[in-house]
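Colleague: With the hints as extra help, turn the sequences into a complete structure.
Going left to right, the sequence shown walks through residues 1 to 79 as the working numbering numbers them.
No lab work stands behind these hints, which were simulated from the structure alone. Being a predicted model, the structure only gives us computed values, none of them experimental. Check before you lean on any hint, since a few could be wrong.
Have a look at the derived ranges for each label pair, beta carbon to beta carbon [to be verified]:
| no. | residue 1 | residue 2 | range |
| --- | --- | --- | --- |
| 1 | His55 | Gln17 | 18 to 24 angstroms |
| 2 | Glu72 | Gly37 | 24 to 30 angstroms |
| 3 | Thr61 | Glu18 | 17 to 23 angstroms |
| 4 | Ile38 | Glu73 | 25 to 31 angstroms |
| 5 | Glu21 | Asp60 | 18 to 24 angstroms |
| 6 | Asp60 | Asp14 | 18 to 24 angstroms |
| 7 | Ile38 | Glu72 | 26 to 32 angstroms |
| 8 | Arg68 | Gly37 | 26 to 32 angstroms |
| 9 | Arg64 | Pro20 | 17 to 23 angstroms |
Ideal placement from N, C-alpha and C gives every residue a C-beta, glycine not left out.
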Amino acid sequence: MAQEKISPDMRVWDVIQEHPETVDVFRRHGCPDMRKGIYALSAHVMKVKWAAKVHHIDQDTLLRDLNRTIAEEGDKTVH
1 MAQEKISPDM RVWDVIQEHP ETVDVFRRHG CPDMRKGIYA LSAHVMKVKW AAKVHHIDQD
61 TLLRDLNRTI AEEGDKTVH
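Modeller: Have a look at this one:
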């Protein structure tokens, strides 16, 4: 089964709930831990593209890294 790709219009909260391994990707790119405090509240409404803009991250790079991470995690569960 094909892994659903993360898109710019997905909410950050949905991404990190469905794919917890992506928290490290957001953190590496300079985002705060979106699971905690006020950040968790904003993550419920913030889209990935907005997170990239707010934190001065190249959107394409962030999406590439997020999707690579979920693909690698999917490969681990298959093997």
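Colleague: For each hint, tell me whether it holds in the structure or not.
Modeller: Going down the list of hints, with the structure as the test:
Roughly 20 angstroms separates the CB atoms of His55 and Gln17, a value that falls within the hinted 18 to 24 angstroms. Look at Glu72 against Gly37: about 29 angstroms separates their beta carbons, and that is inside 24 to 30 angstroms. Evaluation of the 17 to 23 angstroms hint for Thr61 and Glu18 yields a pass: the beta carbon distance comes to about 21 angstroms. Checked against the hint of 25 to 31 angstroms, the pair Ile38 and Glu73 passes, with Cβ atoms roughly 28 angstroms apart.
Roughly 20 angstroms separates the CB atoms of Glu21 and Asp60, a value that falls within the hinted 18 to 24 angstroms. For the pair Asp60 and Asp14, the supplied restraint of 18 to 24 angstroms holds, since their beta-carbon distance comes to about 20 angstroms. The hinted window of 26 to 32 angstroms between Ile38 and Glu72 holds, with their beta carbons roughly 30 angstroms apart. In this structure, Arg68 and Gly37 meet the distance hint of 26 to 32 angstroms, their C-beta atoms being roughly 28 angstroms apart.
For Arg64 and Pro20, the Cβ-Cβ distance of about 19 angstroms falls inside the hinted range of 17 to 23 angstroms, so the restraint holds.
Consistency note: the structure conflicts with none of the earlier hints.
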